[in-house]
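Take the sequences, apply the hints, and build the full model.
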Amino acid sequence: MHKLIKWMRRLEGWFGLAAGIFLIVGLYMALVTSPPDYYQGEVVRIMYIHVPFAQTSLLAYLVLFIGSLWYLWKKDPVVDNLNHAAAGVGAFFTIGELLTGSIWGKPAWNTWWTWDARLTSALVLLLILMAYLMLRMFMDDHVKEARYAAIVAIIGFVDLPIVYFSVEWWRTIHQPLSVSQRGLAISQEILIPLIVMTIGFYLLFTYMVMVRTRMLYLGHLLEAKKGRLLSQAHL
Amino acid sequence: MIFFRVIRWIVWKDLLSEIRSRENISSMFFFALIIILIFSLSLSMDTEMVKEMIPGILWIAFSFTGIIGLGKSFLVETQNDCMENLLMAPIPKGAVYLGKLLGNFLFMLVVEIIIFPLFVIFFNLDIFGQIPMIMLICFLGTLGLAAMGTLLSAMTVQIKAREVMFPLMLLPLVVPVIIGAVEATKGAINADPLKLYQQWIQLLAVFDLVFLIVSYWLFEFILED
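Top line first, the protein sequences correspond to chains Y and B.
Going by this note's numbering, the first sequence opens with residue 3, and the numbers climb by one from there.
Going by this note's numbering, the second sequence opens with residue 1262, and the numbers climb by one from there.
I should point out that these hints are in silico values taken from the structure, not numbers from a laboratory.
All figures in this text were calculated on a predicted structure; none of them were measured in a lab.
Glycine is no exception: its CB is placed at the ideal position from the N, C-alpha and C atoms.
Treat the hints loosely; a few may be bogus.
A few chain B residues that face chain Y, going by a derived Cβ cut-off under 8 Å, partial list only [to be verified]: (1) K1354; (2) V1418; (3) P1433; (4) P1437; (5) L1470; (6) V1471; (7) L1473; (8) L1479.
Here you go:
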């Protein structure tokens, strides 16, 4: 069995457990101990899942990009399983980001949706991830599929900053980043639950990717054992 | 040098087969004409609205006709095992990419040169002094569409459901080109001072440069078998 898969099977449960603990503690802090916002009141609490969703979808894309470069370099089919998993889970977190953002947008901006820079680029990111996943759906040859998918992921990652700048120039009303190099614009009482939640989401992401990678790997293994896979790379 | 000879041959081959069959350019041209018709029927515009909306309609027409041409670009190579021959030939793969790109770019540009005057006539535009600037914007925007489209066309031609997958992958990736080209064209058509829209032209140039380099490098992985 592949080294990476063995390692994942051993650590998977611990990541799941850690994610659960962080999320429970984070939710308690976010919903109970943290104060309501001066302007937005209780509504602001959705931030504690919206921001982690957004952070995690960026992490997913980073993993996908590095994994794709790694795949083109080493051609390891398990790395391809990892990329596939990261893209699928990343799409889930991007959808979460858009949905929670929309729910927050209604009370905060009095609109469900606006074509502002970050919303638009998050939507474009989701569309790129969907194109990536659909490309994989339409291919039979696993070796070619892995290579083409890696190419699309790399193009998409290179494209994303350009998309972001173009839509930002185009229009923007999103509130400025709260955590920047110039200093913290938010108080400790809000920042700490936010960090706990973000770590919880990162752990959850890692756990989901591990489970999904192992699932995809086992699926390919089964196909290879049935003799349907042309390349016997998994065996 | 063999590199430039390969580019020249591939462009020449594509141009020759296009001149003989006239398949690509005529289908792109009529599709563009239909887009103009549909837009003028579905949006009722007065002179002020036209100035606001024409850049958008123009680039919808350009990018959709581009999709028709680009999507078929590598389809011709699948006939008579052309793809296998290109793979086996002892030539740099990047040159194959640049050759196909140049051919696609020329087809798209020819169609744009034909349909742009139709836009001017149908929508009563007064843009005579702005023609060099609009040409520059079309050049940069089309290059960006063609650079990305040629790469994706080489990929999608080898999978099922290519008619669906090609636009599905191309359009989200060329969002910056569409935004940049539309905004720059808007500035040029309204005869704004260059300072107001030069950032969009710079955006197009950066996009073109980045994607020429990235696609040139990634193309080798598509043809690798």
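Results for each hint:
A least Cβ separation of about 13 Å between B/K1354 and chain Y goes past the 8 Å threshold, and the interface hint is therefore violated. Interface restraint check for B/V1418: the shortest CB-CB distance to chain Y comes to about 11 Å, outside 8 Å, so the restraint is violated. With a cut of 8 Å, the hint placing B/P1433 at the interface with chain Y holds, because the nearest CB-to-CB distance is about 4 Å. The criterion of a C-beta within 8 Å of any C-beta in chain Y is met by B/P1437, whose closest approach is roughly 4 Å, and the hint holds.
Because the closest C-beta pair between B/L1470 and chain Y is about 11 Å apart, greater than 8 Å, the hint is violated. With a cut of 8 Å, the hint placing B/V1471 at the interface with chain Y holds, because the nearest CB-to-CB distance is about 6 Å. Taking 8 Å as the C-beta cut-off, the interface hint given for B/L1473 is violated, the closest approach to chain Y being about 12 Å. Annotation: interface hint on B/L1479 holds; nearest CB of chain Y at approximately 5 Å, less than 8 Å.
Checked against the numbered hints given earlier, this structure breaks hints 1, 2, 5 and 7; the rest are met.
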